[in-house]
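**Q** Assemble the complex: chain A is given as a structure, and chain B must be docked to it using the hints.
Number of protein chains: 2
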Amino acid sequence: MVHRTPVLQSRLLNALSGAELYFKCENFQRMGAFKMRGAINAIAQLSAQQRAKGVVTHSSGNFAQAVALAASELGVPAYIVMPSSAPQVKKTAVIGYGGKVTVSEPTLEAREAMASKIQGETGATFLHPSNDIPVILGQGTAAIELLEDHPELEVVLTPVGGGGLLAGTALAAHYYGNSCKVYAGEPMEADDAYRSLRSGKIETNESTNTVADGLRTQLGDNNFPIIQQLVEDIIRVEEDEIVAAMRLIWERMKIIIEPSCAVPFAAVLKQPELFAGKRVGIVLSGGNVDLNELPF
Amino acid sequence: MVHRTPVLQSRLLNALSGAELYFKCENFQRMGAFKMRGAINAIAQLSAQQRAKGVVTHSSGNFAQAVALAASELGVPAYIVMPSSAPQVKKTAVIGYGGKVTVSEPTLEAREAMASKIQGETGATFLHPSNDIPVILGQGTAAIELLEDHPELEVVLTPVGGGGLLAGTALAAHYYGNSCKVYAGEPMEADDAYRSLRSGKIETNESTNTVADGLRTQLGDNNFPIIQQLVEDIIRVEEDEIVAAMRLIWERMKIIIEPSCAVPFAAVLKQPELFAGKRVGIVLSGGNVDLNELPF
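Chains as they are written, first to last, in our numbering: chain A, 265 to 560; chain B, 265 to 560.
Be a bit skeptical, because a hint or two may be false.
Claimed, not checked - Negatives, chain A to chain B, calculated, CB over 10 Å:
hint: 1; residue: Q383
hint: 2; residue: L401
hint: 3; residue: D413
hint: 4; residue: E470
hint: 5; residue: Q492
hint: 6; residue: E515
hint: 7; residue: K542
Stated by the list, open to error - Restraint ranges, calculated between C-beta atoms of paired labels, are given here:
hint: 8; chain 1: B; residue 1: D497; chain 2: A; residue 2: E412; range: 36 to 46 Å
hint: 9; chain 1: B; residue 1: G282; chain 2: A; residue 2: Q493; range: 46 to 56 Å
hint: 10; chain 1: A; residue 1: A540; chain 2: B; residue 2: P536; range: 47 to 57 Å
hint: 11; chain 1: A; residue 1: T366; chain 2: B; residue 2: T468; range: 54 to 64 Å
hint: 12; chain 1: A; residue 1: Y439; chain 2: B; residue 2: T366; range: 55 to 65 Å
hint: 13; chain 1: B; residue 1: H438; chain 2: A; residue 2: L276; range: 31 to 41 Å
hint: 14; chain 1: A; residue 1: T366; chain 2: B; residue 2: R459; range: 53 to 63 Å
hint: 15; chain 1: B; residue 1: H438; chain 2: A; residue 2: A540; range: 22 to 32 Å
hint: 16; chain 1: A; residue 1: S471; chain 2: B; residue 2: L280; range: 34 to 44 Å
hint: 17; chain 1: B; residue 1: A279; chain 2: A; residue 2: V367; range: 26 to 36 Å
Since the hints were derived computationally from the structure, they do not count as laboratory data. Positions of the beta carbon are idealized from the N, C-alpha and C atoms, including for glycine.
With the rest of the complex left out, here is chain A (with noise of 0.2 Å):
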């Protein structure tokens, strides 16, 4: 159901960094992202019945691809509200992959109406992108694969955006690794995160201003107290950083990664103190471009 990724090195980017770099290629996953993990996890612990009556999710991009790509192998039905900001690419993809999508305004609010909405008329679960725990379990997948391939890493980064990849990475470095810390990276212009982390409550955005357009979501109530107790710290990244780590990536390692992905690199390459002659993994959450509007 989903795929055992690769774990890429690159030379020059370890000469670079500074650090010794681990990249963990959920850009190589099924439907391209690390969310593949999550929605077949969660899908799977439903009973028939709920099964029959479908799920529904609201998502701006790689989420609804992954529950409509993991609904669809385990023959349930998906409905699936995208904002009206969502890459054309995705949306494409999601009905390709037979989800019933609905577009909604990209508000926040919008989103949750709608799928609250559809909910009531079909019966079908809800499945959060980010704050259900089997949702949670199923994106730490990947950093499980990742300690078991290199059990020695001293540190994992992620990106964070919904906080989902991160409290699952946070719990796999926690069960999994041998004091293995674990940082995230995070857009400047959507830091709710990080400011979250430091006020102790879950912080929103005003704006949410940033080329990394999976990242512009904030943390939901379970995800939270995990990061809280197992994430380090969590460290910004200005628009440009983020456009030049991603420019990086391509250049040198051949791979394409969406801008979201390049947020943990981009967090390395800011503070390299943190980091430099450790061991350190980063997730590569995701490779769902519009090769027509690139940033660079």
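**A** The following block gives chain B in isolation, referenced to the frame of chain A:
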């Protein structure tokens, strides 16, 4: 000195082609292309006296980078003649690897004359990008690895430009394969190898107006007899077919390949009846593309 590159598969591209495809990722090779293999093998066979005087070559790009990097690692001076038409990204990379670059007019005659002049002045050993036997044997090691990993392959494809990779692959399939046939893809706009196979002598191109900038060269007197004897056929593809195949690999496999590298996959899509239901290896030759000059 060289990476053992991974072999990737794609369910989507299998479904699209009707074949079971195994992509040998030489785009992940050091300096971004298979040419590192031939360069290392050729330089490693020089005497201490030859090494002290250095090596000289002319190349439109990847072989230039390969010789510069291989020579640098072996402590050998490298004189590189590059045509003025070579992509800037490749010239910059050669200089970065420590190669001494001389720019020539883009014709084969001008490149050869310049290399000859440098050879006379320095006593450096000339390395031909595709016609020296040690280079041909080095290029063949990609297919040897591919067949070690997947001995069940029934067909292997490469692109054909100067013929070094194709001849090396044909030898590898002959000695290591299990009745494994070898085909090549070639741009219609530079179809000298296709015509050479049919006429029985080395043909030239009157023009080479193809996006596949690595495939504008012609066969040599060492590799042509090998190709004649051991290669099943050469399949020609149009420019739009090359660009579409390149884009499919970028979007579906999330890896970066250069236009020349897409040619054998374009050939599979063009003549699917030859490969339907078969286990088909494709050598993805390189990933050195200028992100500011994409053909889509």
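**Q** All the hints need checking, so say for each whether the structure fits it.
**A** Here is how each hint holds up against the structure:
no., hint, in the structure
1, Q383, "holds (31 Å)"
2, L401, "holds (25 Å)"
3, D413, "holds (13 Å)"
4, E470, "holds (33 Å)"
5, Q492, "holds (33 Å)"
6, E515, "violated (7 Å)"
7, K542, "holds (23 Å)"
8, B:D497 x A:E412: 36 to 46 Å, "holds (44 Å)"
9, B:G282 x A:Q493: 46 to 56 Å, "holds (51 Å)"
10, A:A540 x B:P536: 47 to 57 Å, "holds (51 Å)"
11, A:T366 x B:T468: 54 to 64 Å, "holds (59 Å)"
12, A:Y439 x B:T366: 55 to 65 Å, "holds (58 Å)"
13, B:H438 x A:L276: 31 to 41 Å, "holds (36 Å)"
14, A:T366 x B:R459: 53 to 63 Å, "holds (56 Å)"
15, B:H438 x A:A540: 22 to 32 Å, "violated (49 Å)"
16, A:S471 x B:L280: 34 to 44 Å, "holds (41 Å)"
17, B:A279 x A:V367: 26 to 36 Å, "holds (28 Å)"
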